[in-house]
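K.L.:
Just need the whole structure built from these sequences, with the hints factored in.
Protein chains: 2
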Amino acid sequence: MPKSARIDASAASAEDEVTRAVLRRVEESSEGRMRELMLSLTRHLHGFIREVEPSEAEWMAAIRFLTETGKKCDERRQEFILLSDTLGATMLIDAINNRKPEGATESSVLGPFYQEGAPAYDNGADLADAATGGERVLIAGRVIDLDGAAIAGAELDVWQTAPDALYAAQDASGDSFNLCGRLTTGADGRYWFYTRKPVSYTVPGDGPVGAMLSAAGRHNWRPAHIHFKLSASGYETLVTQLFTDDDPYLGSDAVFGVKDSLVVHYVATDDGLRLDHDFVMTAAS
Amino acid sequence: MPKSARIDASAASAEDEVTRAVLRRVEESSEGRMRELMLSLTRHLHGFIREVEPSEAEWMAAIRFLTETGKKCDERRQEFILLSDTLGATMLIDAINNRKPEGATESSVLGPFYQEGAPAYDNGADLADAATGGERVLIAGRVIDLDGAAIAGAELDVWQTAPDALYAAQDASGDSFNLCGRLTTGADGRYWFYTRKPVSYTVPGDGPVGAMLSAAGRHNWRPAHIHFKLSASGYETLVTQLFTDDDPYLGSDAVFGVKDSLVVHYVATDDGLRLDHDFVMTAAS
Numbered sequence: 014m015p016k017s018a019r020i021d022a023s024a025a026s027a028e029d030e031v032t033r034a035v036l037r038r039v040e041e042s043s044e045g046r047m048r049e050l051m052l053s054l055t056r057h058l059h060g061f062i063r064e065v066e067p068s069e070a071e072w073m074a075a076i077r078f079l080t081e082t083g084k085k086c087d088e089r090r091q092e093f094i095l096l097s098d099t100l101g102a103t104m105l106i107d108a109i110n111n112r113k114p115e116g117a118t119e120s121s122v123l124g125p126f127y128q129e130g131a132p133a134y135d136n137g138a139d140l141a142d143a144a145t146g147g148e149r150v151l152i153a154g155r156v157i158d159l160d161g162a163a164i165a166g167a168e169l170d171v172w173q174t175a176p177d178a179l180y181a182a183q184d185a186s187g188d189s190f191n192l193c194g195r196l197t198t199g200a201d202g203r204y205w206f207y208t209r210k211p212v213s214y215t216v217p218g219d220g221p222v223g224a225m226l227s228a229a230g231r232h233n234w235r236p237a238h239i240h241f242k243l244s245a246s247g248y249e250t251l252v253t254q255l256f257t258d259d260d261p262y263l264g265s266d267a268v269f270g271v272k273d274s275l276v277v278h279y280v281a282t283d284d285g286l287r288l289d290h291d292f293v294m295t296a297a298s
Numbered sequence: 014m015p016k017s018a019r020i021d022a023s024a025a026s027a028e029d030e031v032t033r034a035v036l037r038r039v040e041e042s043s044e045g046r047m048r049e050l051m052l053s054l055t056r057h058l059h060g061f062i063r064e065v066e067p068s069e070a071e072w073m074a075a076i077r078f079l080t081e082t083g084k085k086c087d088e089r090r091q092e093f094i095l096l097s098d099t100l101g102a103t104m105l106i107d108a109i110n111n112r113k114p115e116g117a118t119e120s121s122v123l124g125p126f127y128q129e130g131a132p133a134y135d136n137g138a139d140l141a142d143a144a145t146g147g148e149r150v151l152i153a154g155r156v157i158d159l160d161g162a163a164i165a166g167a168e169l170d171v172w173q174t175a176p177d178a179l180y181a182a183q184d185a186s187g188d189s190f191n192l193c194g195r196l197t198t199g200a201d202g203r204y205w206f207y208t209r210k211p212v213s214y215t216v217p218g219d220g221p222v223g224a225m226l227s228a229a230g231r232h233n234w235r236p237a238h239i240h241f242k243l244s245a246s247g248y249e250t251l252v253t254q255l256f257t258d259d260d261p262y263l264g265s266d267a268v269f270g271v272k273d274s275l276v277v278h279y280v281a282t283d284d285g286l287r288l289d290h291d292f293v294m295t296a297a298s
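Chain order of the listed sequences is A and B. Going by this note's numbering, the first residue of the first sequence is number 14, and it counts up by one from there. Going by this note's numbering, the first residue of the second sequence is number 14, and it counts up by one from there.
Since the hints were made in silico from the structure, they are not lab data. Errors might be hidden in some of the hints.
Partial list, computed: chain A residues near chain B (C-beta under 8 Å) [what the hints assert, rightly or not]:
no., residue
1, Val39
2, His57
3, Leu58
4, Thr82
5, Arg89
6, Ser244
7, Tyr248
EDC-like, lysine to aspartate or glutamate: derived pairs with alpha carbons at most 20 Å apart [claimed, not checked]:
no., chain 1, residue 1, chain 2, residue 2
8, A, Lys242, B, Glu69
9, B, Lys242, B, Glu168
10, A, Lys84, A, Asp219
11, B, Lys113, A, Glu30
12, A, Lys113, B, Glu168
13, B, Lys113, A, Asp29
14, B, Lys210, B, Asp259
15, A, Lys84, B, Glu88
16, B, Lys210, B, Glu81
17, B, Lys84, A, Glu81
18, A, Lys210, A, Asp177
19, A, Lys84, B, Glu249
20, A, Lys113, A, Asp273
21, B, Lys210, B, Asp258
22, B, Lys113, A, Glu66
23, B, Lys84, A, Glu66
24, A, Lys242, A, Glu119
25, A, Lys113, A, Glu249
26, A, Lys113, B, Glu69
27, B, Lys84, A, Asp177
28, B, Lys113, A, Glu69
29, B, Lys84, A, Asp87
30, A, Lys113, B, Asp29
31, A, Lys84, B, Glu81
32, A, Lys84, B, Asp87
33, B, Lys242, A, Glu69
For every residue, glycine included, the Cβ atom is placed at its ideal position computed from N, Cα and C.
P.N.:
Right, here's the structure in full:
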């Protein structure tokens, strides 16, 4: 008969002994990756509990929070991903899964508003439809490798907010791919297109995660940014975002997506705003 | 403008810098208990992620697991409490909130099957109705303080499984308080009552937590036990369980409720089984 799950009353600390009983049970029962995950989860979950010593009322509040977070999820809303985002977990997992050598463009998260199948455009096209207001910008640059050599035929899949702070994926009233599009670099690795300067927007604040942010004194704004997903044969796919350097939420992104190297400056020209930016991709492993 | 949430690309480790950005944001925004909880949660959640380095697919599996756990909850089923129970968190919080001096009866969790308002019985009564099978047992003893002095007028609120492995709270077909009852000690601190030997049973296995236990090679059995909630004027309320020493699941309780000091032996007598057990209560603080 296994005895691992029993708690020995004679232990110096009854609390430590609870944790040890769980670890022994996992060690005796679980295998492979599940064993590794459960041992680590137990140590960190119990470590958190021992550190903050929740009252029984606080623990029930946590149970209710998690339950409401699950209840809030449907086909259009994933409140647990939002929780992961606002706790920085999503960006941490992105960093772990996208380690890049020095000089490569850093990654940021895909986010919930990416849609596959955006229209393909020639370089020089305008991604905004005629009704779209906002500040017109030219974005141009090269896609290169770590040695600075041009990557020809790289595809840039682009998406961003409209001036009303909605993504095309959110806005049932408009063009389902407004301000979205795919560009392809020529032999010189160059790309260029027109769009509108992106604006700041809020992540959903009407659910349990919004209530958590409020209770923690945090807002639910994301600083303005444009999303890019770059793919090229022989290279690692690069998912990233470029953040506008004059945004008031740049230092307090609700989902921690901002990396210093991804903050860019739009230059005023006689022909409107202009952003020059090169992307550095890494070879596929 | 706060800069705390930005991730500095020049940091030695981009992953550590994600964690530091979240901690800085909480430090600058949150106050009091919420600040303390969020800082500790961030450190331990990120510590878990850094230790196991989940793939993006694994993280999405975790998101799906939590979502399904929330969806499984309704008025009769609380899958997040079951998750807390099966990860040992409930017992750890019970231990933290019920620290007792040496010699006091140890606590165990209340569980989901306690019902207020069980009938009051005189000592010597049988808590089982006439239709209840199983092995008849006499349970008797004293309720005393740390000095061994009798506590008169202590109330013992008792509940347990029937021989069919159901609690009265689960069994819509039977007496809604079968095998439940309240006893009160006399001037000598003594109590005694008849019941049936409790049996092992399973916690719900048809939801996401059941799937997690299976994936971890764990079963969902609880060893046989009787629940007691003791209250007496001037003393801390004591919630505990007494576990049957010949139960095959004593060493592998799915919810880690077993403490060595709570394991008891039923003695065979000419008049059926008998258990003698004293409870030691602590003065209210």
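K.L.:
Hints numbered earlier in the text: which of these fail when held up against the supplied structure?
P.N.:
Those not satisfied are hints 5, 6, 7, 12, 16, 19, 23 and 27.
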